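Here is how the chains run, residue by residue.
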Amino acid sequence: MNALARRAAGLLLGTLCLPLAAFAADVQPTHEFILDNGLKVVVREDHRAPVVVSQIWYKVGSSYETPGQTGLSHALEHMMFKGSAKLGPGEASRILRDLGAEENAFTSDDYTAYYQVLARDRLPVAFELEADRLASLRLPADEFSREIEVIKEERRLRTDDQPNAKAFELFRAMAYPASGYHTPTIGWMADLERMKVEELRHWYESWYAPNNATLVVVGDVKPDEVKALAQKYFGPIPKRAVPPSKLPLELAEPGLRQLTLHLRTQLPSLVYGFNVPALATAKDPRGVNALRLISALLDGGYSARMPARLERGQELVAGASSSYNAFTRGDSLFMISATPNVQKHKTLAEVEKGIWQLLDELKTTPPTAEELERVRAQVIAGLVYDRDSISSQATTIGQLETVGLSWKLIDSELDDLKRVTPEDIQAAARTYFTRERLSVAHVLPEESAHE
Amino acid sequence: MSDRSAPRYTLFGLAIIVLVVAVAALLARPAQSDSQGKADTAARPANTLQSLAELDGKAPSRRQLNIQHWSTAEGARVLFVEARELPMFDLRVTFAAGSSQDGGTPGLATLTNAMLNEGVAGKDVTAIAEGFEGLGADFGNGSYRDMAVASLRSLSASDKREPALKLFTEVVGQPTFPEDALKRIKNQLLAGFEYEKQNPGKIAGKTLFANLYGKHPYASPSDGNAETIPGITLEQLRGFHAKAYSAGNAVIALVGDLSRSEAEAIAAQVSAGLPKGPALAKPEQPVEPKTGATHIDFPSKQTHLMLAELGIDRNDPDWPALSLGNQILGGGAFGTRLMSEVREKRGLTYGVYSVFSPMQVRGPFMINLQTRAELSEGTLKLVRDILADYLKSGPTQQELDDAKRELAGSFPLSNASNASIVGQLGAIGFYNLPLSWLEDFMQQSQALTVEQVKAAMNKHLAADKLVIVTVGPKVAQQPLPAPTDKPAEQPLGVPEH
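Sequences listed follow chains A and B, in order. Sequential numbering from 1 applies to the first sequence in full-length UniProt numbering. Sequential numbering from 1 applies to the second sequence in full-length UniProt numbering.
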């Protein structure tokens with residue numbers, strides 16, 4: 001079992017360094033400044049190798065979209081590679097390729113981000129290209145007519161032909177009744193079919209402003225040189241008013257919702273999601289940090305409760321996992337998914353019973369000190385391991401800033417989690433693991449439809 | 001440099017797949033313009049990009065690696081790079097213990113590898129997991145066609161490092177293979193096979209390897225199959241472990257916050273804990289496959305297309321030429337002939353890639369893509385034509401120059417993290433490459449001519465020798481849309497070399 005994958009799915013955000021005396025390594029200096037046009041810049045020095053990552057994060061994603069216009073943020077991300085004032089379609093990618101850079105982009109419900117990883121002397125090129133498409137995207141209609149076909153292929157590949165992805169898309173649409181989080185990031189196919197390049201232009205003009213972005217640079221650089229470069233290339237882009245954006249808030253207790261899907265799959269599976277707050281929406285962060293610890297207790301390693309009891313002890317499941325993202329712009333979901341152990345003839349009903357036993361135990365019995373100590377050891381080590389990758393350091397900073405939190409949360413990570421008491425964990429379990437907050441999906445093979 | 005010959009098995013992560021989607025990071029494969037030389041289309045003034053004009057044209061500097069090498073008393077080869085910046089280290093032990101050593105029992109190698117951390121003397125699987133996780137250490141394992149790997153990442157402070165290494169040494173060297181764990185893991189593997197039946201890409205990949213390799217051990221998936229897994233016994237696992245997890249069959253790679261003497265002590269400890277024995281012989285070279293196309297009917301929206309031939313082994317002297325030649329054809333994320341023609345000009349696919357996977361013996365050359373079912377036949381013909389044209393005419397001088405620049409520019413990225421360095425050390429050791437291999441590869445690549453690349457591609461590939469697998473629905477076919485007729489814009493010159 002890949003422990004890193006478990007860590008990513010469970011407790012930790014991909015966290016960074018801490019100024020803790022316990023670590024032998026020097027702390028990597030981190031600096032922030034804001035240009036006059038409102039562009040926030042965060043620079044973290046990492047001088048191990050002469051390379052640098054540059055990421056620009058825009059505060060726009062699928063949770064900002066309205067019905068009928070789903071998929072706009074992601075489609076705009078594709079079109080950002082299709083030319084700007086200084087560059088023809090695809091030319092920026094070609095230039096970066098010839099420089100040996102890695103580049104790409106990603107869109108989520110809370111953000112759209114673009115990045116380049118390259119030898120340190122090439123950073124000015126990354127800035128100039130990125131600034132040019134922030135200031136002057138071309139959006140040619142003929143390029144769009146081909147690119148939307150590519151996006152539809154992407155949707156077929158990643159969602160329509162993937163039963164679990166399809167199920168998850170429908171699950172989210174049910175589990176988020178009030179907020180924009182019900183919208184799939186790639187967009188519904190019907191909306192892709194009728195998307196117009198004019199809508200993309202409007203989306204671009206609304207949200208792509210320097211004052212709605214965060215530039216994150218991690219690597220073998222000094223803050224003064226980054227500041228000068230940022231000023232030179234991004235500084236002349238004027239500040240612009242952006243539409244008001246409201247946090248995606250959910251109903252606290254929407255009631256039990258159930259979905260049964262018959263899909264082209266051989267194995268049944270189960271998805272649970274409880275409507276819960278995130279750090280940005282919680283009144284008290286202790287409940288949120290308690291939920292993060294609960295996710296670690298359930299699935300933070302191969303010794304955690306779900307693999308130890310459901311997968312091995314009771315042999316109820318072939319696989320199971322929990323996840324909770326506390327670092328979203330709006331209210332979040334505490335998720336559990338599982339596939340029954342069909343070789344042992346286990347049913348979804350038995351798996352549900354096993355899951356509820358774990359959840360109810362959290363309400364009544366405090367975790368042992370030993371268990372909590374194990375989680376803490378993983379957090380401490382993870383803070384060091386995450387520093388091995390400049391990209392994961394930059395992504396953590398960018399994500400925190402973009403959802404309305406501060407990258408400085410990284411510094412208090414360990415203390416915040418240590419502050420959670422066993423009583424907090426029991427209280428959070430009692431508050432949040434209720435049927436009124438729960439959405440359930442049963443994903444069944446198509447044959448079952450005839451039974 | 002990838003040392004993986006096949007995807008890691010995912011049996012334990014069945015349910016996680018749903019959650020991975022929650023991240024919803026949808027990568028755009030970036031666009032790019034036609035890469036074929038059309039020198040007269042640069043209709044804009046040169047040096048539009050100030051930053052590009054200001055680059056001094058030198059190849060970038062890179063982290064210098066001092067790779068140290070020795071062998072343990074028991075014959076394990078060790079490669080070590082000292083990296084003191086972070087208080088952690090990575091240990092990666094690679095054995096020639098992949099499925100090509102299964103000896104006619106597909107799945108034996110994978111089961112043995114997956115059972116390593118299920119029990120040692122006095123500890124069951126949960127106690128082992130608690131041991132590593134209580135120290136903050138990450139244990140990892142995986143089994144592929146050529147190699148099996150066990151890895152450890154730990155803090156370097158001795159109160160963490162020493163107990164983590166003691167446990168790792170027991171897990172890799174003296175596993176007890178408990179019977180109940182074997183039953184459970186077999187069930188998980190069987191569930192994994194069921195799960196793969198919903199995935200047209202998996203079905204295509206399995207069929208392709210079966211058709212390409214015939215009776216050769218590379219033909220079987222490294223996880224085995226539903227027929228072979230149930231019958232595998234504990235005695236077979238113990239026998240395989242004693243033979244394939246021996247010190248003589250191991251390469252130990254170490255990177256991190258360690259002195260040479262600490263690294264020597266770690267390597268000696270791990271090596272002494274392993275069974276005694278020699279390196280295993282490589283599998284035989286595969287024989288040429290029967291060419292032709294196979295279609296598998298599947299009710300998906302897209303058709304998956306895979307095209308392959310036998311490629312090369314890792315020690316083939318043509319590897320730099322083929323690597324560079326493939327980079328131009330379809331090896332990068334963007335800017336390749338395949339990506340340009342199939343995605344950019346026609347919008348037919350989300351991604352199309354070609355790859356040489358050099359292995360212990362001849363690994364595959366593969367082209368892989370998906371497209372909407374009603375255009376699959378036209379798309380397949382287009383891809384075949386692109387390959388045939390490329391073999392016939394070879395790369396242009398401009399394409400070759402660009403590819404060399406790209407390679408030189410990306411070199412500093414290849415050893416920026418401890419994780420990437422330990423992977424490279426593992427591959428250098430496993431394939432018996434010289435310690436200067438990375439530098440040699442760069443120099444040889446930079447010296448290549450158009451004629452040499454073209455000759456190497458034609459020596460190893462032929463347009464009419466393809467093994468083809470398609471998986472998708474049978475639907476009435478439509479003609480391809482016309483490509484964009486606009487001349488591609490020539491990128492600004494990159495002043496380098």
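These are computed hints drawn from the structure, not numbers from a lab. Incorrect hints may appear among the rest.
[Said to hold, decoys possible] DSS-like, lysine-lysine: derived pairs with alpha carbons at most 27 Å apart:
1) A:Lys-363 / A:Lys-408
2) A:Lys-344 / B:Lys-474
3) A:Lys-227 / A:Lys-40
4) A:Lys-166 / B:Lys-474
5) B:Lys-183 / A:Lys-353
6) B:Lys-459 / B:Lys-282
Every value quoted in this text rests on a predicted model; they were computed, and no experiment measured them.
Going through the hints against the structure:
no., hint, result
1, A:Lys-363 / A:Lys-408, "violated, 32 Å"
2, A:Lys-344 / B:Lys-474, "violated, 37 Å"
3, A:Lys-227 / A:Lys-40, "holds, 11 Å"
4, A:Lys-166 / B:Lys-474, "holds, 22 Å"
5, B:Lys-183 / A:Lys-353, "holds, 23 Å"
6, B:Lys-459 / B:Lys-282, "holds, 24 Å"
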